Amino acid sequence: MTDETRVEWRPWGPDAFAEAEATAKPILLSLTATWCEDCHEMDAETYAEPRIAANLNDGFVPIRVNVDRHPRIRERYNMGGFPSTVFLAPDGRPITGATFIGPDGMRQVIDRVREVWEKKGADAGRLPRALAGDLPPAGEVSPQIEAHLAGQLEVTFDEAHAGWGDAAKFPLPRTVEFALKRDRQRALRTLDAIRDGLFDPVEGGFFRYADDAAWTKPNREKTLESNAALLRAFANGYRYTGEDAYRDPAVETASFLVDSLWTGTGFGGSMGPAAGTDYYLLGAEGRENSPGPRTDLTVYAGGNALAVDALLVLAGLTDDERAREFAERALHRVGEDLVDDGVVTHFHSGGAVGESLLLEDHARVVAAACRARQVLGDDSVAGDPFLDFATDVADAAIDELFEDGSFVDGPATGEGLLSSPLRPIDGSVEMANALLDLAVLTGTEGYRDVAEETIGAFAGAWDRIGVQVAEYGTVAARLLRDPLVVEIGGDVGSDLHRAALRVADHEAVVVPEADIDADTAVVRSGAVTHEATTPDELMEAVSSVTSDA
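Read in the numbering used here, the sequence shown has 503 at position 503, and its numbers run on one by one without any break.
Worth flagging that the hints you see were computed from the coordinates, not collected in a lab.
Since the structure is predicted, the reported quantities are computational estimates derived from the model, not experimental observations.
Please note that the accuracy of each hint is not assured.
To be verified - Pairwise CB distance ranges (calculated):
id : residue 1 : residue 2 : range
1  : N57       : D123      : 19 to 29 Å
2  : A24       : H348      : 31 to 41 Å
3  : A44       : D404      : 38 to 48 Å
4  : I516      : T546      : 12 to 22 Å
5  : E336      : G443      : 25 to 35 Å
6  : A24       : A168      : 34 to 44 Å
7  : E325      : V528      : 33 to 43 Å
8  : A22       : E445      : 45 to 55 Å
9  : P201      : D404      : 46 to 56 Å
10 : P201      : G443      : 40 to 50 Å
Virtual Cβ for every residue (Gly too), placed ideally from N, Cα, C.
Please model the complete structure; the sequences and the hints are all you need to start from.
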């Protein structure tokens, strides 16, 4: 039981499932998060109601899970948002579920689940199709993938309000980055809408999403992951335009991460609205006088790696020393505390230890280490040079999670649906993109081969992939073209190096301290190569290589 509810929650684990099996009771699984205001509202309205709590305690085995700490559970049982309220058979197969359920709705659902349970028992549970063991539809990595997703940018764009879709608006920062190279006007219109609708002018940082199509009703929750991804998207918007309208939100978001989420050694996971505060009804003055926000100070590996990547992009584009400093500090925290022999652990906090070998964590750590090599040079983390560190993390993921031509999201072990493999397209795309950078930086074609096989594993369904996973088109395009590589001789931080980091192509790879003459840059794409010795010459060389390739 918690202070907010009367339900006797069990932690996810073998004891709770054994209890459900022994007592022949269904399971109530509550998926929640520190930042989730609707979760706290459901606790106060539904789970605190004495009769509802008594019915749940007597007739069910209630399990509560923090989705940030348990992403594999989140991905298997998410009902489309949080809270997710899922009723399970004792073997973990879902019977029914929903998101927020008020008191009256919960009474009806309890009665309905009891009726189904009395009729069918354990047979009431169903195995979701995504976990049935079928491989994704493989196919050829072809130009039609990028073309299809570029077309979706137009087809699904909200011309009235910007962004993609016509209901609640999520910012989709990776989609924005895909669009920056292929549909810049819509990308910039979307960044404008995100800035005007989701940025918090009082406390800083971006809210997770808007409850309406016009971006006027922000859901006032902030997570490290969404802020880091948006920081990078706005920084890249500045890369292409040179406009402060995109630079300033990136800089201000970096300040939010450091000022509000920094724990002393890493970035905490989230910040939600203050307890008992309805921010929809408060103006700036009322919010300043409200109780402090609920903050999750857990240092998650993947979220911190995303922040490292984003802060280093900003530092490379603007010479922001504070962004550079905290990126380095966060990367060292991840490397020293959360990575052991290439295996990433999701978190360590107060004696609690997260899962290891999660695909998303490995993908983001590889990407962050590759970014560090490009911006900071041949430095090290946890005693290993950046590329050795990235290689160890990538190799561990390939060895343990790459099966039958695609990645699974983690080891298929644990209770309920955790024992079934899940092959997520979004995590696979993140890993493939990171492996392409690693292939260029290390000269190891094997990483490119794994990336190509990973993208090919889903290519048989290219026409069903939506704009929400537009990064799939980014990686497919990178596989079909020779990479744009800028090698810099001499020291990190030279005028040539700084100019290379500002190249107007956020998919280019920069290799500082390369084995070439000092004060020289070599720009290449396949067999096309140009040299430069000044920043102006470098920009001309990039333009020439891009047009000739």
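Consistency of the hints with the structure:
1. N57 x D123: 19 to 29 Å: 25 Å, holds
2. A24 x H348: 31 to 41 Å: 37 Å, holds
3. A44 x D404: 38 to 48 Å: 46 Å, holds
4. I516 x T546: 12 to 22 Å: Between I516 and T546, where Cβ atoms are some 20 Å apart, the hint holds.
5. E336 x G443: 25 to 35 Å: 28 Å, holds
6. A24 x A168: 34 to 44 Å: 39 Å, holds
7. E325 x V528: 33 to 43 Å: Once the Cβ atoms are compared, 37 Å apart, the range 33 to 43 Å for V528 and E325 holds.
8. A22 x E445: 45 to 55 Å: 54 Å, holds
9. P201 x D404: 46 to 56 Å: 49 Å, holds
10. P201 x G443: 40 to 50 Å: Between P201 and G443, where Cβ atoms are some 46 Å apart, the hint holds.
Checked against the numbered hints above, the structure breaks none of them.
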